[in-house]
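K.L.:
Chains as they are written, first to last, in the working numbering: chain A, 16 to 342; chain B, 840 to 1212.
Be aware that one or more of the hints could be misleading.
Ranges of calculated distance between the beta carbons of each label pair, as one might list FRET restraints [what the hints assert, rightly or not]:
| no. | chain 1 | residue 1 | chain 2 | residue 2 | range |
| --- | --- | --- | --- | --- | --- |
| 1 | B | Glu1156 | A | Ala223 | 48 to 58 angstroms |
| 2 | B | Leu1189 | A | Phe159 | 51 to 61 angstroms |
| 3 | B | Pro1118 | A | Ala227 | 24 to 34 angstroms |
| 4 | B | Glu1008 | A | Gly68 | 38 to 48 angstroms |
Derived pair list, reagent style DSS-like, types lysine-lysine, alpha-carbon separation capped at 27 angstroms [to be verified]:
| no. | chain 1 | residue 1 | chain 2 | residue 2 |
| --- | --- | --- | --- | --- |
| 5 | B | Lys1114 | B | Lys1000 |
| 6 | B | Lys928 | B | Lys962 |
| 7 | B | Lys965 | B | Lys936 |
| 8 | B | Lys936 | B | Lys1028 |
| 9 | B | Lys1000 | B | Lys928 |
| 10 | B | Lys1028 | B | Lys965 |
| 11 | B | Lys1000 | B | Lys983 |
| 12 | A | Lys243 | B | Lys962 |
| 13 | A | Lys243 | B | Lys936 |
| 14 | A | Lys243 | B | Lys1028 |
| 15 | B | Lys965 | B | Lys1000 |
| 16 | B | Lys983 | B | Lys928 |
| 17 | B | Lys965 | B | Lys983 |
| 18 | A | Lys243 | B | Lys928 |
| 19 | A | Lys243 | B | Lys983 |
| 20 | B | Lys965 | A | Lys243 |
| 21 | B | Lys1028 | B | Lys983 |
These are calculated hints, taken from the structure and not from any lab test. Bear in mind the structure is a predicted one, so any value in this text is a computation, not a measurement. C-beta: ideal position from N, C-alpha, C; glycine also.
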Amino acid sequence: MSDHLPYRGHDEAETTGIGLAPSAMATAEAVGIGIGDTIPEGPPDAEHKRKLGIAAWIAITWLVVMLLLAILAPVLPIPDPTETFPEIARQGPSSGHLLGGDALGRDLLSRIIWGGRASFAVGFGAVAVGLAVGGLLGLITGFFRGRVDAIVTPLMSLLLAIPQFVLALSLVTVLASADDVSSARRIGVVIVGLGVVSIPILGRITRANTLAWSEREFVTAAKAMGAKNFRIMFRDVLPNVVPAMLSIALLGVGVAIIAEGGLSVFGVGVQLPTPSWGNIIAEARGQLRQAPHIVLFTSVVLFFTVLSLNFLGDVISQRFEVREGQL
Amino acid sequence: MSLADTAASPVPVPGTGPILEVTDLSTSFASPRGRVGAVNGVSLSLERGRTLGIVGESGSGKSVLSRSIMGLLPASTAERTGSIVFEGKELSDWGDKEYRELWGTEMAMIFQDPMTALNPVMKIGKQITESLRFHLDMDRSTAKDTAVELLRSVRIPEPEKRFSSYPHEMSGGMRQRVVIAVALACGPKLLFADEPTTALDVTVQAQVLDLLEEQQRERFMAMILVTHDLGVVAGRAQEIVVMYAGRIVEKAPTRTLFADMKMPYTEALLSAIPKLADPPHTRLAAIGGRPPDLVNPPEGCPFAPRCPYVRERCLTELPALTPVDGDDTHLFACHYPVDSPETIEIKDRLTAQGLLISSPPPGSASDGAQDGR
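One chain only, chain A, in its complex shape:
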């Protein structure tokens, strides 16, 4: 009998390992449950799902406030972002102007709120372009593989090999070569430029996830029930891939907002006098010594916004991983 014991132990270790997805095991460990124990099911899980944690709520609140401010900017009781008040030029916060003024005496609070419009437009716009094109390509290449994959995926890798910022810079420069472009069109150009850069990144992530989900038996099952390929791709595979796409897309929004700032430093971002967080910082970078508050306040807003976006991205991916582990 004794010579059987090591075998039994081995078997048990193996079966528990196979039954659980890695993420579920990680969760189990994190919660302090031994691998051999069963993970509690039912009511506790339903409660757990509702709870998001304080940090996540702070992030959500911050983003909602920022978005509302950006959307409602025209109706808010703030001065016009281009109106100058000579007395507050380079001055810190004062009673009428909560965040002080910039180098030309424009109200900084107003410029930051209006700048949020351009920055969010660029961030969400660029990721939307990337998701629409890259996500679709990733879904198609991952689902069908074969010839489409053999052509599209190397092209994406090629695009990835070009330094991202150089690519965005050249795209924006080429697309908006004339000086007379309106500021709205300028924002459009920046969206397209940064969007193109994000295509291969979002495409690859989508493809990798699609590959994994397409192997699942329910995809074969859907096929065996006579569903057409595109139907399976959009109805069965896509909803499972969306969480991963969404979490990376939220990170992407943050990156795009920062990248727009980088483009502004080179003078090809959103064009002054239309404010964006990027060009407020870029414009004031010469004034760091005389008026540090301009860069400071804008950067803090930018920082918390990007941080919230990243954090929410993590929250999304974690929540869906747990759900997958429960299967």
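Once you've looked at the hints, dock chain B against the given chain A.
P.N.:
Here is chain B on its own, set in the frame of chain A:
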């Protein structure tokens, strides 16, 4: 040979004769080490409303066989040869496009693992109504009523409520019932059940199998029941095919097989089932070794390396599938079947040395087969 006999009976009129005729079907996959011959020259036929059991251990090609017939192999790596006639239609050169006419409405499959066979982010009801609406052109409310009825017929409690549940809210047995309901939705004529109970525990197993049997009888559906457990098919299939290394090694009506098995592999599979009558702590009988490498199959009988009764001839000469004298429904592929004098001699010797742990005398297990139908 008998293979030729089964091949030479084409069925011109749909609705008569066997629903499925497979002749000399072979399936191989491209792999980095060479072609893997997963199914080799399999022939079988199935009548309407009957059940065929396919039995074999993991890697014997039984799942690939059912997926080959159903056209669910990955097109890029798999190669299929031989003839498949379903309701008088020759399917061997059909692709996905033609097969789509059959999938769901004519043939359907129940998958092994109910944990992965359902879409985790789609409600149960939706997964059933999708095909109803698509194939049978039902409107939303008719489809819903039909789906609830289906859920009720597979014995899911509170079907109206379950209609809007997600798979992860249900237990394994319940999910497998849903998988069955999905497969049955459009009234297929041929149902493949690919190890339908392997992922379930034993008490639920019996329920699910009984349910399948009942549904099959009600719908007069033909069924191919794939399993590694002879016990599962014993009372449920009219005919059993035993597969090993991609080949049929024994094929017989269920009663005949259990009463008079010829192939040592079948015998080994049967003695691997623990018996209630065994005293506690009886060692489980296992078949030593592993199935052969299908990229370079060994010369001779593929089971020879694991066979307790192996002789020299087994290692050099591949036994053909031949009928038993006087009974051409019972075929086997073995040079020295379990009731041959050579094998009995070895058996006696092994038993005398106490090496043969359990050797059921032929016929002792047939009671299991008798109480089926």
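K.L.:
Determine for every hint whether it applies to the structure shown.
P.N.:
Hint by hint, here is what the structure shows:
Range check, B:Glu1156 to A:Ala223: about 50 angstroms between beta-carbon atoms, so the 48 to 58 angstroms window is met. A beta carbon spacing of about 55 angstroms between B:Leu1189 and A:Phe159 agrees with the range 51 to 61 angstroms that was offered as a hint. Separation of B:Pro1118 from A:Ala227 is about 48 angstroms and departs from the stated range, judged on CB atoms against 24 to 34 angstroms. Distance hint for B:Glu1008 and A:Gly68: a CB-CB separation of about 24 angstroms, inconsistent with the stated range 38 to 48 angstroms.
For the hint pairing B:Lys1114 with B:Lys1000, the CA-to-CA distance comes to about 41 angstroms; that exceeds 27 angstroms, so the pair is violated. The straight-line distance between the Cα atoms of B:Lys928 and B:Lys962 is roughly 36 angstroms, outside the 27 angstroms bound, and the hint therefore fails. With a CA separation close to 24 angstroms, the supplied pair B:Lys965 and B:Lys936 stays within the 27 angstroms bound. For a cut-off of 27 angstroms, the pair hint linking B:Lys936 to B:Lys1028 stands: about 19 angstroms separates their Cα positions.
Restraint check: the Cα-Cα separation between B:Lys1000 and B:Lys928 comes to about 41 angstroms, which exceeds 27 angstroms; the hinted pair is violated. Annotation: proposed proximity of B:Lys1028 to B:Lys965 holds, straight-line Cα distance about 23 angstroms (limit 27 angstroms). In summary, the hint linking B:Lys1000 to B:Lys983 is supported, as the alpha carbons are separated by about 12 angstroms, within the 27 angstroms threshold. The hinted pair formed by A:Lys243 and B:Lys962 meets the criterion: a straight-line CA distance of about 19 angstroms does not exceed 27 angstroms.
At most 27 angstroms may separate the alpha-carbon atoms for a hinted pair to count; A:Lys243 and B:Lys936 meet this at roughly 9 angstroms. For the hint linking A:Lys243 to B:Lys1028, the alpha-carbon distance of about 21 angstroms falls within 27 angstroms, and the restraint holds. Of the pairs offered as hints, the one joining B:Lys965 and B:Lys1000 holds, with about 13 angstroms between alpha carbons and a cut-off of 27 angstroms not exceeded. About 33 angstroms separates the Cα atoms of B:Lys983 and B:Lys928, which puts this hinted pair outside 27 angstroms; it is violated.
Pair hint B:Lys965 plus B:Lys983 holds up; C-alpha atoms about 9 angstroms apart against a cutoff of 27 angstroms. For the given pair, A:Lys243 sits about 22 angstroms from B:Lys928 by alpha-carbon distance, which is consistent with the 27 angstroms threshold. Only pairs whose Cα atoms come within 27 angstroms are accepted, and A:Lys243 paired with B:Lys983 is accepted, the gap being roughly 21 angstroms. The hinted pair formed by B:Lys965 and A:Lys243 meets the criterion: a straight-line CA distance of about 16 angstroms does not exceed 27 angstroms.
Among the hinted pairs, B:Lys1028 with B:Lys983 is consistent with the structure: their alpha-carbon atoms are about 22 angstroms apart, no more than 27 angstroms.
When the structure is compared with the earlier hints, violations turn up for hints 3, 4, 5, 6, 9, 16 and for no others.
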